[in-house]
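Peer 1: Just so you know, the protein sequences line up as chains B and Y, in that order.
This note's numbering puts the first sequence at residues 209 to 352.
This note's numbering puts the second sequence at residues 209 to 352.
Hints are supplied without guarantee of correctness; some may be wrong.
As the list makes no split between identical chains, a pair holds if one copy fits it or if it spans any two.
[Said to hold, decoys possible] Under the rule of at most 25 Å between Cα atoms (straight-line distance), these lysine-lysine pairs were calculated in the PhoX-like manner:
(1) K349 <-> K243
(2) K247 <-> K277
(3) K214 <-> K351
(4) K351 <-> K243
(5) K221 <-> K314
(6) K349 <-> K277
(7) K351 <-> K277
(8) K328 <-> K351
(9) K328 <-> K221
(10) K328 <-> K349
(11) K314 <-> K277
(12) K214 <-> K314
(13) K328 <-> K342
Source of the hints: derived by calculation from the structure; they are not laboratory data.
Below, each chain spelled out in residue letters.
2 protein chains.
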Amino acid sequence: MDTDAKYMLEALKEAHVAAAEDEVPIGAVVVCRGKVIAKGHNMTERLHDPTAHAEMIAITAACEAMGGKYLNDCSLYVTVEPCPMCAAAMNWAQLGRLVYGASDPKRGYSLFSPSLLHPKTEVVSGVDSEECSKTVSDYFKAKR
Amino acid sequence: MDTDAKYMLEALKEAHVAAAEDEVPIGAVVVCRGKVIAKGHNMTERLHDPTAHAEMIAITAACEAMGGKYLNDCSLYVTVEPCPMCAAAMNWAQLGRLVYGASDPKRGYSLFSPSLLHPKTEVVSGVDSEECSKTVSDYFKAKR
Numbered sequence: 209m210d211t212d213a214k215y216m217l218e219a220l221k222e223a224h225v226a227a228a229e230d231e232v233p234i235g236a237v238v239v240c241r242g243k244v245i246a247k248g249h250n251m252t253e254r255l256h257d258p259t260a261h262a263e264m265i266a267i268t269a270a271c272e273a274m275g276g277k278y279l280n281d282c283s284l285y286v287t288v289e290p291c292p293m294c295a296a297a298m299n300w301a302q303l304g305r306l307v308y309g310a311s312d313p314k315r316g317y318s319l320f321s322p323s324l325l326h327p328k329t330e331v332v333s334g335v336d337s338e339e340c341s342k343t344v345s346d347y348f349k350a351k352r
Numbered sequence: 209m210d211t212d213a214k215y216m217l218e219a220l221k222e223a224h225v226a227a228a229e230d231e232v233p234i235g236a237v238v239v240c241r242g243k244v245i246a247k248g249h250n251m252t253e254r255l256h257d258p259t260a261h262a263e264m265i266a267i268t269a270a271c272e273a274m275g276g277k278y279l280n281d282c283s284l285y286v287t288v289e290p291c292p293m294c295a296a297a298m299n300w301a302q303l304g305r306l307v308y309g310a311s312d313p314k315r316g317y318s319l320f321s322p323s324l325l326h327p328k329t330e331v332v333s334g335v336d337s338e339e340c341s342k343t344v345s346d347y348f349k350a351k352r
């Protein structure tokens, strides 16, 4: 298994934690020099907080771990394409690399403007996208 | 003094608290039915957290005060035009009304897309903009 697939599996584990807590199952991890330094999953329902997306939680935790507000040397893995809020947060953090699984044709940042991200952030999409997408669709099917 | 000017003064007080803590001086308050329910000021340096903008802190605190993740009946006052991250957070919160002071021609959300905000959010700009702008420029002058 390649490195991106390996870390995406970690992000998927976080997504399943969210599902178990009855949250829309999206998960994220931040990796720096071969080490997972932060994890997050969607907690908007539990915290009654619309800003508590997996990526926001992971960015805040990663900055805490790094002791600074920049993540130039880090990769963030997230199961679903970030929304504009999360993409703009990655811009402020000057994230080195963004890897996401499924695209989000309704709420993804790329619908608005790719320039929401920092110009230096490398982007890789479609890693394990079927599993990432299925995790979300299974959740909504079960809710019906 | 009209209502918007009155609450913008409260947001300016928050900006001055930020300046005293050596943070870029931006402040925000959230008002619901004539009552300030949340306040926030920029804390990105102290928390080493690029997401700790005045508006994000105020939105999270307002949702906690309301016990829910929507702010339809609320107005958010902020001294400077929100960035895309904060505008998109207001979208998720379905904010009723956004009132800001100074425009931000470098980082303001309107540079990217006005549709980062929720379509139902009413926007008022330019309230006490000179004082809001001066608060930021005085801070950077003193830093030089």
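Peer 1: State for each hint whether it applies.
Peer 2: Hint check:
1. K349 <-> K243: Answer is neither; intra-copy 35 Å and inter-copy 41 Å both fail.
2. K247 <-> K277: Intra 16 Å, inter 22 Å, cutoff 25 Å: intra and inter.
3. K214 <-> K351: Close neither inside one copy (29 Å) nor across copies (45 Å); limit 25 Å.
4. K351 <-> K243: Result: close neither inside a copy nor across copies, 35 Å intra and 37 Å inter.
5. K221 <-> K314: within (24 Å within a copy, 38 Å between copies)
6. K349 <-> K277: Only across copies: K349 and K277 sit 23 Å apart there, 38 Å inside one copy, limit 25 Å.
7. K351 <-> K277: For K351 and K277, only the inter-copy Cα distance (19 Å) is at most 25 Å; the intra-copy one is 38 Å.
8. K328 <-> K351: neither (39 Å within a copy, 28 Å between copies)
9. K328 <-> K221: This pair counts as neither: shortest intra-copy Cα distance 28 Å, inter-copy 36 Å.
10. K328 <-> K349: neither (38 Å within a copy, 29 Å between copies)
11. K314 <-> K277: between (29 Å within a copy, 20 Å between copies)
12. K214 <-> K314: neither (27 Å within a copy, 38 Å between copies)
13. K328 <-> K342: Neither, since 31 Å and 32 Å both go past 25 Å.
Hints 1, 3, 4, 8, 9, 10, 12, 13, counting from the list given before, are not met by this structure.
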